[in-house]
Amino acid sequence: MGRKTPLFALHQELGARVVDFGGWDMPVQYSSQIAEHHAVRGDSGVFDVSHMCVLDLTGARVRPFLRRLLANDVGKLTLPGKALYSCMLNEAGGVIDDLIVYYLSESFFRIVVNAGTRDKDMQWLRSQAREFERGASAIDVRERSDLAMLAVQGPQARTKVAQLLSHTGAGAALALETFCGSDIDRGAQAPWFIARTGYTGEDGFEVMLPSGEAQEVWRSLNRLGVLSCGLGARDTLRLEAGMNLYGNDMDETTHPFESGLTWTVAMQPGERDFIGRAALERIRAAGVGARQAGLVLEDRGILRSHQKVLVAGVGEGQITSGTYSPTLERSIALARVPAGSPARVQVDVRGKLLDARVVKPPFVRFGKSLLN
Amino acid sequence: MSNVPADLRYTKSHEWLRTLPDGNVEVGITDHAQEALGDLVFVEVPEAGRTLKAGESCAVVESVKAASDVYAPIACTVIGGNPQLASEPEAINKDPYGSGWLMRIRPGSPAEVAALLSAAEYTSFLAAEGE
Chain A
0 MGRKTPLFAL HQELGARVVD FGGWDMPVQY SSQIAEHHAV RGDSGVFDVS
50 HMCVLDLTGA RVRPFLRRLL ANDVGKLTLP GKALYSCMLN EAGGVIDDLI
100 VYYLSESFFR IVVNAGTRDK DMQWLRSQAR EFERGASAID VRERSDLAML
150 AVQGPQARTK VAQLLSHTGA GAALALETFC GSDIDRGAQA PWFIARTGYT
200 GEDGFEVMLP SGEAQEVWRS LNRLGVLSCG LGARDTLRLE AGMNLYGNDM
250 DETTHPFESG LTWTVAMQPG ERDFIGRAAL ERIRAAGVGA RQAGLVLEDR
300 GILRSHQKVL VAGVGEGQIT SGTYSPTLER SIALARVPAG SPARVQVDVR
350 GKLLDARVVK PPFVRFGKSL LN
Chain B
0 MSNVPADLRY TKSHEWLRTL PDGNVEVGIT DHAQEALGDL VFVEVPEAGR
50 TLKAGESCAV VESVKAASDV YAPIACTVIG GNPQLASEPE AINKDPYGSG
100 WLMRIRPGSP AEVAALLSAA EYTSFLAAEG E
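Just so you know, the protein sequences line up as chains A and B, in that order.
Numbering (numbering that gives the first Met the number 0) for the first sequence: 0 to 371.
Numbering (numbering that gives the first Met the number 0) for the second sequence: 0 to 130.
Simulated from the structure, these hints should not be mistaken for lab results.
Just so we're clear, the structure is a prediction, and the values are computed from it rather than from any experiment.
Among the hints, a few may not be true.
[Said to hold, decoys possible] Think about it this way: if two alpha-carbon atoms lie no more than 30 Å apart in a straight line, the pair counts; the simulated DSS-like pairs of lysine-lysine are: (1) B:52 <-> A:81; (2) A:81 <-> A:351; (3) A:367 <-> B:11; (4) A:307 <-> A:81; (5) A:351 <-> B:93; (6) A:351 <-> B:52.
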C-alpha cells in the first residue's frame, strides 16, 4: 500500500484506476485518458498533485542559501510571488531533482519538489542548510503536509477557479501574471495559495489549500464542468508541451546540458558558486557530447522510453520519454542524442527501424500544434 | 464486471475466439483486456499466410500507456488481420467482440479451440485474478 493524498477516497468514488507513482497511490485515469487530455487542451481539467512536496524555507539568509543550492539563480526573483524553475544538482552536476521556487518575502521562499524524490531531497536540503549556516542564523525547512494541491489546467481553468472565490479574491487571482503566485484572501477562511503555473502547456492555476477542503473543492470544480484528470493525461500533456519528467528525462547520472535544461542553468553572474557549477564548467570546457531532441515519428507505431535512436554517421542515442500525442495523432518523444543537429533519425521500435523527424520541443502550446 | 459473451472461447492471456460458420476462427482481445489497457492508439496485426505456433507473439496492441503482445491462442495459419484497426484502433475499446476483432485464423485442429476456456471458466479466472 502506497501513501495516499487527502483526495484518495474521492478518486475511488469517482471510479479512478489507481496506480503506484513514486510510492503514492495515484489516479492514472478516470474515464478515458485521451478524453481527459482533450478536456485540458480545449476547456479545463483538474489533477490531484498533492503527492508533490511543498517546503517552506524561512530565515534571514534563505536567498543566499538558495543561490548556493540551485542551478538557476533566485537572484532573478525581485517581485514577491514570482516563481522560478530550477534544477538542484549534486557536486558532479547530476540532477537530484527539478523544482519550482517561489519568492514570497526576503525571509520566506516556498519550493515544490517531486513526490518520488521527497525523502532524498529533504535529506540533501537539510544537510546543505546545516553546512551553509555554520552556526550563523538558522534556515528553517518546513514540510507543508497540511496542504493539498490541485492543478486546474486549460483555457477555461482560471475563470472556473475564480468562480469559487469572492469577488475580491477572484480579481486578485485573475490578475496573477504567468509564473506568479500569491495567497488569495478568503475572508474568515484560511487563504489559498494560487499560482499561475502548470505542467500541461496550457494556462491555468495550481492551488494549494488546506487538505480538509480539497474534496469539496474538487466536487465544485466538477460541477463547473472541470473534468477529473489522471496522471496518464498529465504525462501526454507535459510531453506535448516539451516538459521533462524527473527520472525519465534526467536524473542524478545526467546533467542539465544533455537534458534540454541548459536554459535553466544560470552561469552568470560568474561569481555565484552554486553546487554543481565546477562540474558543469568542466563538462562545458570538454565539450558537451549529447543533447536533448524532440522526435516526431513519421511511420506508424509508438515511441517509448529506452528505445534506441540511430543517427546516421554519428552514433546512437536513446528515447527518454515517448508516447502517443492525442493532439497531433501521432507518436512523439524526447530523446538524448549525440551532439549535432540531424534533421532525421531512425528509432528501433520493437525490432523495426522507423523514421523520425527531429524537432525543437515543445510540440504543442496553448492547444495548437507547433509542427510545420 | 466486464462483458464475457457465452458463445466464445477464451485464453488466460485474455484473447477470445469465435468459430465462424466456415470453420475458420476470429480472434480478438477481451473486454477485460481492453479495459485494462485503456485507450488503444496503435495496433499491428499479423500478415496473411503466416503460420503460428500456440503461444507465439503475433500482434501488438498499444494504448497511450503501454504496448502489449497478443499471443496465438492455438497453432494456426493467419487468414488476415482486421484492416480497419490501422485507422481506428479505438474499435477495440468500443466493440472488443465485434468490429474490434484482431485477426481471422485457420485452426490447425478445431479440437484445440474447444479445449480453451469456456465463458464460465474465463469468468472464474478473472475473479481469481482479482478483477
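Ascending list of hint numbers which this structure does not respect: Per hint list: 1, 2, 3 and 4 violated.
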